[in-house]
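Going line by line, the protein sequences match chains A, B, C and D. For the first sequence, our numbering assigns the number 1 to the initial residue and increments by one for each residue that follows. For the second sequence, our numbering assigns the number 166 to the initial residue and increments by one for each residue that follows. For the third sequence, our numbering assigns the number 331 to the initial residue and increments by one for each residue that follows. For the fourth sequence, our numbering assigns the number 496 to the initial residue and increments by one for each residue that follows.
It should be emphasised that the hints constitute simulated quantities derived from the structure, not laboratory data. Don't take every hint at face value.
[To be verified] Now the stretches of chain B that chain C is said to cover, found in silico as 3 or more residues with beta-carbon under 8 Å:
#1 178-189
#2 211-220
#3 302-310
We put the beta carbon where it would ideally sit given N, CA and C, even for glycine.
There are 4 protein chains.
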Amino acid sequence: MKDLIPDTIIRFAEKFQLPERVVDSEELPWVPFTDNHSCYFKPLRFDLSTGTWTYLFRIKPNQVLGKHRHTGGAVIGYNLQGKWRYEGRSWVAASGTFIFEPPGDIHTLISEDEEVITLFILSGALQYFDEHDQIVGQDDIYTVLNKYRNYCAAHGIPVREDLIY
Amino acid sequence: MKDLIPDTIIRFAEKFQLPERVVDSEELPWVPFTDNHSCYFKPLRFDLSTGTWTYLFRIKPNQVLGKHRHTGGAVIGYNLQGKWRYEGRSWVAASGTFIFEPPGDIHTLISEDEEVITLFILSGALQYFDEHDQIVGQDDIYTVLNKYRNYCAAHGIPVREDLIY
Amino acid sequence: MKDLIPDTIIRFAEKFQLPERVVDSEELPWVPFTDNHSCYFKPLRFDLSTGTWTYLFRIKPNQVLGKHRHTGGAVIGYNLQGKWRYEGRSWVAASGTFIFEPPGDIHTLISEDEEVITLFILSGALQYFDEHDQIVGQDDIYTVLNKYRNYCAAHGIPVREDLIY
Amino acid sequence: MKDLIPDTIIRFAEKFQLPERVVDSEELPWVPFTDNHSCYFKPLRFDLSTGTWTYLFRIKPNQVLGKHRHTGGAVIGYNLQGKWRYEGRSWVAASGTFIFEPPGDIHTLISEDEEVITLFILSGALQYFDEHDQIVGQDDIYTVLNKYRNYCAAHGIPVREDLIY
Numbered sequence: 001m002k003d004l005i006p007d008t009i010i011r012f013a014e015k016f017q018l019p020e021r022v023v024d025s026e027e028l029p030w031v032p033f034t035d036n037h038s039c040y041f042k043p044l045r046f047d048l049s050t051g052t053w054t055y056l057f058r059i060k061p062n063q064v065l066g067k068h069r070h071t072g073g074a075v076i077g078y079n080l081q082g083k084w085r086y087e088g089r090s091w092v093a094a095s096g097t098f099i100f101e102p103p104g105d106i107h108t109l110i111s112e113d114e115e116v117i118t119l120f121i122l123s124g125a126l127q128y129f130d131e132h133d134q135i136v137g138q139d140d141i142y143t144v145l146n147k148y149r150n151y152c153a154a155h156g157i158p159v160r161e162d163l164i165y
Numbered sequence: 166m167k168d169l170i171p172d173t174i175i176r177f178a179e180k181f182q183l184p185e186r187v188v189d190s191e192e193l194p195w196v197p198f199t200d201n202h203s204c205y206f207k208p209l210r211f212d213l214s215t216g217t218w219t220y221l222f223r224i225k226p227n228q229v230l231g232k233h234r235h236t237g238g239a240v241i242g243y244n245l246q247g248k249w250r251y252e253g254r255s256w257v258a259a260s261g262t263f264i265f266e267p268p269g270d271i272h273t274l275i276s277e278d279e280e281v282i283t284l285f286i287l288s289g290a291l292q293y294f295d296e297h298d299q300i301v302g303q304d305d306i307y308t309v310l311n312k313y314r315n316y317c318a319a320h321g322i323p324v325r326e327d328l329i330y
Numbered sequence: 331m332k333d334l335i336p337d338t339i340i341r342f343a344e345k346f347q348l349p350e351r352v353v354d355s356e357e358l359p360w361v362p363f364t365d366n367h368s369c370y371f372k373p374l375r376f377d378l379s380t381g382t383w384t385y386l387f388r389i390k391p392n393q394v395l396g397k398h399r400h401t402g403g404a405v406i407g408y409n410l411q412g413k414w415r416y417e418g419r420s421w422v423a424a425s426g427t428f429i430f431e432p433p434g435d436i437h438t439l440i441s442e443d444e445e446v447i448t449l450f451i452l453s454g455a456l457q458y459f460d461e462h463d464q465i466v467g468q469d470d471i472y473t474v475l476n477k478y479r480n481y482c483a484a485h486g487i488p489v490r491e492d493l494i495y
Numbered sequence: 496m497k498d499l500i501p502d503t504i505i506r507f508a509e510k511f512q513l514p515e516r517v518v519d520s521e522e523l524p525w526v527p528f529t530d531n532h533s534c535y536f537k538p539l540r541f542d543l544s545t546g547t548w549t550y551l552f553r554i555k556p557n558q559v560l561g562k563h564r565h566t567g568g569a570v571i572g573y574n575l576q577g578k579w580r581y582e583g584r585s586w587v588a589a590s591g592t593f594i595f596e597p598p599g600d601i602h603t604l605i606s607e608d609e610e611v612i613t614l615f616i617l618s619g620a621l622q623y624f625d626e627h628d629q630i631v632g633q634d635d636i637y638t639v640l641n642k643y644r645n646y647c648a649a650h651g652i653p654v655r656e657d658l659i660y
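With these hints in hand, go ahead and build the complete structure from the sequences.
See below:
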């Protein structure tokens, strides 16, 4: 049965495989996501081939993150710490909650009394609404990468180029 | 070696597998993509889980499709008929050309003398610029699905619900 | 700027969007992954459209999980608890480590003194080698789904059908 | 509205974007897929990050391609020329047919009187059965890449490294 994966293929694959990536999130900075410093992120991966990025997202207690739409991409989340909910929905994300939000979803995130940390995988763009439902800003993989690189530059922190793949 | 995929697993998979989908594009209508009827599409798949859609895209000869950005998603194309290019680039897509455009790419498509038909797979959003580089519109999987359903409704054509999966 | 996403599109998307999915992992059972009960999983998502599955994976302390190849798919992991490594590599995954292993990677996982819990997203198939590098078994999304359903049936636990999407 | 994508972000994205890829399939060789030369492929993309490959697949008339399972990945196809079907199914793929086969699907492909050319996007692994339903071989992104590189080496054709991304 060894011939199912001949040694030649194993050696060939080893030669062409992308390198593994191992990131200790402890070593990464918390980068402010918004100007008001209500939330921060630690980047884990920027996949420039699909526009998908992965980060730890940290939200201060008792915050309301403005209403936004996930245009053209889904949200996958795994909550690590703290509690949060989307306004008007019946569930609360606690430690250990896994969340899928479909492309197009519009929501306003509200954190509870404890600081929140969630692992998020995101694609497409986030488009932010003001109180009149006008779109007043958007984020995508490039704006997030830009926030990270600018933060590193401003604080003299070396950029982890191995997060981009 | 049969035990690598036991019969129980084969029967189990057959029970849970998504149905196959087979679409004869001949049976689908050419739906106008833009108001000026410079281009049309035949939808092949709407993947609402990732925001990815697949369509045949048909462009009349000698058209200029307005400058747009692929925000948050990539473009994969396989050109079937006609020639087109992106303004300012050195290549021309002919029959049999495969194209990958990365997320964030901004381009203006120009068709040559023959009508173009290209198979495209798209994610994220298309954001259109006017001559002052102001964003004046956008498309994503929902606007494309909406164009298709509205066209079917207006022309008494049954909607192919099996394109959504 | 509101016209970038007209109300008609927002209402249309709300009608066609896939439902959100929220899973409290506390409510899910630890399903034995192997006969020797060295590791367990809590399923979070079975994406039958791409063959990708997401689970929490729990490994008893001081275990060696047999050498296997990720044929045709990548590994994405975020380690939540405990320490583990792949035999022969220089790094150790601790709480907060993010890991990407490319398709084709072959490795043997070794847990340290504390019980490990890792969030994994997997595609393709796992193919297991014996000590002579013969392939003696494999897993894919269906075998994992089968383990979960069989466990539920054997223990009178209702299957969470909303994990399949 | 220009501020939705500030010039700084456009310039930033242009700097970090992956390069576009344009492949004229006319310039690529038909690489034998099987030893009996019943089918050939022209590679269009090897995505080593996900194990997904894209190729034009050409099948001689009146062939039967052995029964195989798509373990851990889906099949997306767009038929360009000729007619083919899967044994036992009610449909026939003709020019312009789009096909989705779910992960786990098992089928035997039969071509009709004309040579077939189909664009396929594949993930995971193909596992081949003999007449006793024993698994006697498998392909994945590495075996396909290996066939291509070996063919180039044997025929003095330069490898298109830009197909790997």
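Quick one: see if chain C covers the region 211-220 of chain B, three-plus residues with Cβ-Cβ under 8 Å. Result for this restraint: holds, n = 3.
Okay, the region 302-310 of chain B and chain C, do three or more residues pass the C-beta test at under 8 Å? holds (count 5)
Please verify the coverage claim for the region 178-189 of chain B: does it have three or more residues whose C-beta sits within 8 Å of some C-beta in chain C? With 4 residues close enough to chain C, the hint holds.
Every hint, counting from the list given before, is met by this structure.
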